[in-house]
Amino acid sequence: MRTWQRLGYKDREKVMDNVGTHENWKSCFSEVAPGLLLFARQWVQSAADAEDVVQEAFVKFWRRNHNIENRALLYAAVRSIAFDFIRRDKRRARREAIVFADAEPAIEPQFEWQDETQSTLAAAVGSLPHDQREVLVLKIWNELTFNEIASALGISQNTAASRYRYALANLKKSLQPQ
Amino acid sequence: MNDFSELENELKKLRPAQPSPILFERVEKAMGVWRAGASPARQPKRSPYNWLSLGLGLAAAAVLFLFATINMERTQERREKIAQISPAPETSSVLPERRNGSGGSTSLNRFIPTGATQVVYNTRDEGLQFALGSEQPLRRLRYQTHQTWQWRNPTTGASLRVSYPSEEVVLIPVSGQ
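Chains as they are written, first to last, in our numbering: chain A, 1 to 178; chain B, 1001 to 1177.
Excised from the complex, chain B in its bound form (with noise of 0.2 Å):
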């Protein structure tokens, strides 16, 4: 039970004093500079996720995932290449022979060596050392070199590359004086 019920209907019945018409204006005008200033302009409610980014996110990790994908099957596919081209028949293929009397994939799977490059793009000299229970001293260098190595199946017309950074430390004796 509320017995305050009949005052504050009295009190709401009391109007407040009105703002000036200038106050209006003022607000109006302020509004205006900051609107016209540097400012952003008021924009409505906005959402705590950047939905734009997250799509881009999205699809960019779908894209990789479906070059991984590839690539994975790719070097699959390279894999069983290289073991069909690897000179090793010393162990017998785990994989069933073909029996349909062309005898095999051999010569259509033959790659030929084609050329072999490598490029020294950092030598360092690390110095003399003195090799155990040696008095001569041996000088130091270590080769950074880019391998690559090329082969190609004068049949299909394939051709395979294969490349990798290699390292080599080279001891060299250093003959008195």
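The following block holds chain A by itself, in its conformation from the complex (with noise of 0.2 Å):
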């Protein structure tokens, strides 16, 4: 299996013009689709539900030719699919609980953690506010920078780097030995 690969500013702006011009479509949609997927996972409890979420918005972005400079956009659409997703699914959740109101629920996770402090912090990620789990993983792992996670999230660029610090801290504050 392929390592992922944390991007280089340059190499990713490489990837996303190869992503506007159509030349690999393939290579730039593994590069951001463990991104993708981890953001999409922030509203959507199953891995196969946020692969749809990804495939339709990847598939819409890319349709509606796009700006690619604009990343926040493809983030955005995410969101907002999801969100679509999470309200076409309702009625589906609520017979599931009744079905398996019995049985375990089975969480999967979000991340491939090596060792047992990775499995803490992953962990603690889980664990945070919604709203500022959603900007550390714009943040860390999707790399945007304020001003995109403000795009793509509609809030303010004050907001979102203020609530990047809150996660941090609540993250530090987690792990802290009791």
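Quick caveat, the hints were computed from the structure, so don't treat them as lab data. Every clue listed holds true.
Computed Cβ-Cβ distance ranges for the label pairs, DEER-style:
| hint | chain 1 | residue 1 | chain 2 | residue 2 | range |
| --- | --- | --- | --- | --- | --- |
| 1 | A | T159 | B | F1065 | 55 to 61 Å |
| 2 | A | R63 | B | A1059 | 33 to 39 Å |
| 3 | B | W1051 | A | K26 | 31 to 37 Å |
| 4 | B | I1022 | A | T159 | 33 to 39 Å |
| 5 | A | T159 | B | L1054 | 42 to 48 Å |
| 6 | A | N147 | B | G1057 | 37 to 43 Å |
| 7 | A | A161 | B | A1059 | 52 to 58 Å |
| 8 | A | R88 | B | L1056 | 47 to 53 Å |
| 9 | B | K1013 | A | N147 | 21 to 27 Å |
| 10 | A | S46 | B | G1057 | 55 to 61 Å |
Using N, Cα and C, we set each Cβ at its ideal position, and we do this for glycine too.
Now that you have both chains on their own, put them together as the hints suggest.
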């Protein structure tokens, strides 16, 4: 399996240029897909649902020929489609909740950890308040700037920055030994 | 100073879950369906200007400008010619007379009327009218015509034709029964 590599700023620009010129959408998608999936997982519980959301968002984004320099738009598309998905799926979820009421809920991990420390860190990220977690996900694993995060989430740049700081502070606090 | 840098580094080491290989196939299929469908293929970023239209427009404007310039020059020449052939020697010519002993250019530029046509293409009866102070009714007829006058210079063989639309109103007395 191919290892996930963090892209440098220039590499990332190159990747997004490729998306824009339709030279190699597969390599572009393989680079952005893990981050997009993680972002989608902030709203949908299962990995399969997140993949549905990401697929729809990516194809729609591609089809509409958006200016790829506006990266925030791709993430805004994921978010918007995830919200639609939640609304569509509410009835189904209610039915499933009744059927699987007695079953143990299977929580699919959002990260691939290698040791106990990473496992604890991933769990701490998962326990963050939602508004802080989505900013953290966009900043750390999708490498968006605060300006882009603000555009994607429809908040001010200052709000995005402060939510990020609160997220880190909360993580630090939760990881401190009792 | 950023006291979260160590934590940020730890977070960056955390790898997001990888998408399933099926996702790539699904996206590829969706792209294929879209490309095979009626939607237009993705194109490179378009310029906000349509350069072809702009170029054609400018070319058309240039051609019109040239035509206008040529027509103006021709009209100027024609006016000079008409001024030269007009039988109005009562006033002295503004242009200096030629003093080369040839007697001027009158004989060379003499145009003879060769034809005149008047085509009536519309007649309208506008009804009966009573002129002021008259008890006799008048029928008002309006003629719309197209008149053409032609001249020819027998020496040079040049011809001149002037056409213009005209309108004429005729009042015809109507006799009582």
